[in-house]
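J.: As a plain string of letters, each chain reads:
Number of protein chains: 2
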Amino acid sequence: MAETNALPLVLLTEQFARLPGIGMKSAQRLAYHVMTMSEGEAREFANAIVNVHKTVHLCSCCQNYTDKELCPVCADPRRDHSTICVVESPKDITAFERTKEYKGVYHVLHGLISPIDGVTPDSLKIKELLARIGKGGISEVIMATNPTVEGEATAMYVSKLLKPLGVKVTRLAFGLPIGGILEYADEITLFKALENRNEI
Amino acid sequence: MAETNALPLVLLTEQFARLPGIGMKSAQRLAYHVMTMSEGEAREFANAIVNVHKTVHLCSCCQNYTDKELCPVCADPRRDHSTICVVESPKDITAFERTKEYKGVYHVLHGLISPIDGVTPDSLKIKELLARIGKGGISEVIMATNPTVEGEATAMYVSKLLKPLGVKVTRLAFGLPIGGILEYADEITLFKALENRNEI
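Going down the list, the sequences are from chains D and B.
Going from the first sequence to the numbering used here is simple: count from 1 and add 1297.
Going from the second sequence to the numbering used here is simple: count from 1 and add 1297.
The hints are simulated quantities; they were obtained by calculation from the structure and are not laboratory data.
Some hints here could point you the wrong way.
You can't tell identical chains apart in this list, so a pair holds if it fits in one copy or across any two.
Straight-line C-alpha distance at most 30 Å; calculated BS3-like pairs for lysine-lysine [unchecked claim]:
no. : residue 1 : residue 2
1   : K1457     : K1365
2   : K1400     : K1457
3   : K1322     : K1489
4   : K1322     : K1400
5   : K1388     : K1322
6   : K1489     : K1460
7   : K1432     : K1365
8   : K1400     : K1432
9   : K1365     : K1424
Please take these sequences and the hints and turn them into a complete structure.
T.: And the structure:
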């Protein structure tokens, strides 16, 4: 196909197509949409992209994204600062906050150990977690990584480092999802649900 | 939910959520993805957005997007410049070019007549089409708007303006899509397929 699009539009389409979950057709639709924006709107969009890099950095305590010294959770005196929930990425914090039940604080690892992708423990925010616990005052660390191979491996690796520090380390419960149907549950989930059964 | 995200991240999420087909969850994922880009990559992305507005404008002949005086189709002497395919938007041109069969040129209306959305014929590139045909040398105009209420109305409106100019006006054929199953065709498509049947 002869390229009938203007080069800057092709370049913008390629930029959109690099984003996760955006294919070439969606990317083209988005690029065309940018053309229909006013110049001011396009500039605002472009500024928003550059601005997150300029102003957003990691919270000095929990490594979540923030534009202040401490993120809102770490800066909140009403939170329970003795309980740390360890997650893979900042978006997991949003998920936990949606439950409105968790009152503790977080620690973001920014990845999971995955030798196949070249992610070693050194490239994660594990040192920062150890330093934080070393300061004292932490009673429990909840390993809240995903129930995947990498998530399990990371939870095991981190918990082994934490145990000698005398801190209680827990793992999220795995079992049937609420509202799920037993018939459609995969065998590993069902096995976990059976294994972790509770007396009623 | 207490907002745990940094304000610049929230603003970027809102920018992404304004794009067509991107919901709040996807927008957040995209905003987080921008944070994982290098600063250079983010700047390149932002520049691509601003650049399309700076350098891309409408082709002086067919109103397609281009960064030159004429778009590649209008500038190509091997195309049949006596046949104009009238489309709603530039992305329709990409669709026609994919067929590799159409050798004529295009004219982009940049919308369809839709009084309910405040789109009147004046806001479309109809004057430009009439001026182009007024210059002579056009033998056929193919109305290639979508088979929707607005697409049909626009095709009818434009064709009524063109008929007095003595130019042949045609409309795309509507019928069963190739590879489609008769059983699942909607009644209007099936009626059109029946109405426009051809001798074999």
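J.: Check the structure against each numbered hint from earlier and tell me which ones fail, lowest number first.
T.: Result: hint 1 breaks, nothing else.
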